[in-house]
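A.B. asks: One-letter residues, chain by chain:
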Amino acid sequence: MSLLHQLREYELRMRREGKKPVSEGEQPGGDEMPFMYALQPVRWEVRLRGDGTVLDVQPLSSGKTKGKDLGRPTPAPNVVRASGVKSKLLMDNAEYALGIVRKEGDPKVKQRHDAFRALVQACAEATGEPSVQAVAGFLAGHDPASFREKYLAVFPDFAPDTNVTFSVDGVEPLTLPAVQRFWAGQFGQGDAEADGTTLTAECLITGEIGPVMEREPVKIKGILSGQVAGMNFISANAQAFESYGLQASQIAPVKFEAAEQYANGLNRLLADPNTSLKVGGVTYAFWTGEGAVPLVARALQEPPAELKSRFAIQKRREKKARPEEVRQTLWGIFQGEQPTLKPGAAFYAVGLTPSGSRIAVRTHLTSTVQAAVDNLSDYFAAQALVGVREEDAGKTYSVLDLVRAMYRDVNKAHTAPDVDALVQFALSGRPLPEAFLARLAARNRADEYRVTRPRAALTKMVLLSRDWKELDMEKDSLDALDPGQREPAYHLGRLLAVLDDIQGSVMKANTTLVDRFYGSMSTTPYAVVGRLIHGSQAHLQKLRKENEPAYRAKQRELEDVMSRLRDIPAKPLTTAQQALFALGYYHQRAEISAGIRERTEAKREREAQAKAAQNLPTGLFNTQEQVDPQEQGAAQ
Amino acid sequence: MLELKVWSDYACFTRPENKVERVTYDVMTPSAARGVLEAVFWKPEFEWRVREIAVLRPIRRFSILRNEVNDVVSERSAKGWMTSGGGYYADDSKNRAQRHALVLRDVCYVIRADIVLKPHATDPLQKYTEMFTRRAEKGQAFHQPYLGNREFTAFFGPPDGSETPIDLSEDLGRMLFDLHFQETGKGRLKYRAHGEGGARWATGNAAPRFFNARLERGILHVPHHLYGEVDA
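Sequence order for the protein chains is A and B.
Numbering-wise (the UniProt record's numbering), the first sequence opens with residue 1 and increments by one.
Numbering-wise (the UniProt record's numbering), the second sequence opens with residue 1 and increments by one.
Watch out, some of these pointers could steer you wrong.
What the hints assert, rightly or not - Below 25 Å or equal to it, Euclidean Cα-Cα: the simulated DSS-like pairs (lysine-lysine) are: (1) Lys221(A) to Lys118(B); (2) Lys43(B) to Lys118(B); (3) Lys19(B) to Lys219(A); (4) Lys118(B) to Lys190(B); (5) Lys19(B) to Lys118(B); (6) Lys127(B) to Lys19(B).
Calculated directly from the structure, the hints in this document are not laboratory data.
Predicted model only: the values in this text are computed from it and were never measured.
Extracted from the complex, chain A is given alone in its bound form:
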């Protein structure tokens, strides 16, 4: 189904359900905005008598105290204006409405005011409304210079670029249904009909044959780093985009009304933080065929706190986060806030980026609400990973956190493709790009913090999302240390962590083993493993003399890793192997620090018990100081 069709359906459904259209600023009371009306700030009201003479000019305030006061937001006729002269009906800036010049000697001002006057005249004739006739009468005998002198001299802050409207004996013509119908009637036939160039064609959304729009009537607002004035969806502004003699928006024939509907539908989605997501240069909109829109935007930006408890791996040996549980939790969270969520309803997502004044579609997904939430739970389940620090256990990351893991400075990187890949993975399960691994490996090598938890989590997600024929890998046990993995790269990573731990337990080096050897070990282990093992012997020897139990524990750890490592690959490790290396390194570090935490805990408990036995009140001594300072350091 085409995107525009889906957006239009959504807009029509919202209107059926009585949801107000979205505009800037405050909402006017209750009713639906008339066709081709938009909320615009109006600064001045020229009050007329029934015979077309001026009563006075009334300033309307937006209530803003800072900056320029543009006036009270009012629903009023709207047009998309470029360089040409195009007037709005009964409400426009002072150049159009009153012919007051902004720049002396601008010949276009007369044209603009004439267009305004002609439109009001046409409206007065077509509707026969006395109030509009009064305005037309006023405009017929209007002289800008004397009007300004007589009525505007008292307002020193009057600016010709602010909007002016009219009222006649208290009647606001803009609110009259006849006027609104007249304004709506200005469209649909197209502006170009008068000169005979209006294209009659089949609308690609509705399939009806009739006049089609030449330019989009409503601009799309709220695209990240796009033009603030709004952007176009369909447009052709250069020769190469036109074809078969069709220009501007006619390259894709769409009925005027349909264009207004899809643009308003998209504007509605983009204005609501629950249905839109703006991250890393991409703007997303999410909507459904029926029922509520699941809060995926919010979940991707800030993972729900309730998920954390699902991931907190109770026992250290439990290797897998349970996706079914995550799924249930996520459904629970969404349904708790939106009881009208329908699992079987269609779910749509679109990712947009700006390109000049035009919108580029990056992603367009169509699935069901159920499938989207299931994929989202898999996305969160894939992030389950042990933590090196205790407080990290169960933590999940936002899209931007994960993207940040791949760059030194995310603000200097072009992140749109990465963000998009992650969002597509989260919503449709599309595999993450292999390029992520190369970038993560580069960061691991370059950054002194090596494999951080977000990096390890993203590495794991990429490994899970794709099928790696070249890797002999057990996917089910990537959450925490798994000595049963077969791939040597994984155990090489573990080996580096163990050797570093041995070094750390006997000396405090300024440049640690990991600092010096992470790069070579993770790419060409064959060249360095022998040297590292050899070097570690001296450390072990020292440890044996100073602290025999610690020596035995470390020796056991080393033996455990070495026994899994049957052969060391002679060739440089592939990108995928390097990823598994990083994960092995991270898992082993988490294991080591978990061991330290456990021992510290046990030691504290023993001491507490001993004190209790001596009937000494606990808390007199600071237990912190009694913890082995070296282990304490390693735990951090």
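Could you slot chain B onto chain A? The hints should help.
C.D. replies: Relative to the frame of chain A, chain B by itself:
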């Protein structure tokens, strides 16, 4: 019915509404299929009518950024460059625009189409069908066929009978069928019309026509009525 198998690494059957920042249709359009067939074989005496497009590989999308041009080069300036050098290059930043495109990845289709003779044809239909079959087998083409964009060159050949469409049934929404040319006294474009007296220049308008496309077990059926025929 004649069959032709086409495949390529990429394809972009641009949706008209996303013509500038391109987004592809999910499935090859009938007009793109006609373009492929005409690249292999075409004569003024007949027209191609596409009946079915079978999708053989899963629909995969892929997003790229590439240089596209802003202007259409006139024939006259091209002739000038032939004699005095110069040219119009997409790499030149004056002519270039970097544009995003959402394209299809790794595609393969079987096109099933009929040759329908025009009133002024004098030779039997069999002549043309056999010519087409020979050309398809030998890999002959007037120009290399492409899938939607010139950049996405297509390989082609007669199907070997092992092709199975993907198992997917889905509404694709309104899809471009083809452009409908109407000759008028005054129009937006000049084009070549072929009739009894041979080829001639005609003036008129072209309007795109759409149809409700549906993928039925991996096959897109093109309704007969689009060609002005009564549905079978």
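A.B. asks: What are the numbers of the hints that this structure violates, sorted from low to high?
C.D. replies: 1, 5 and 6
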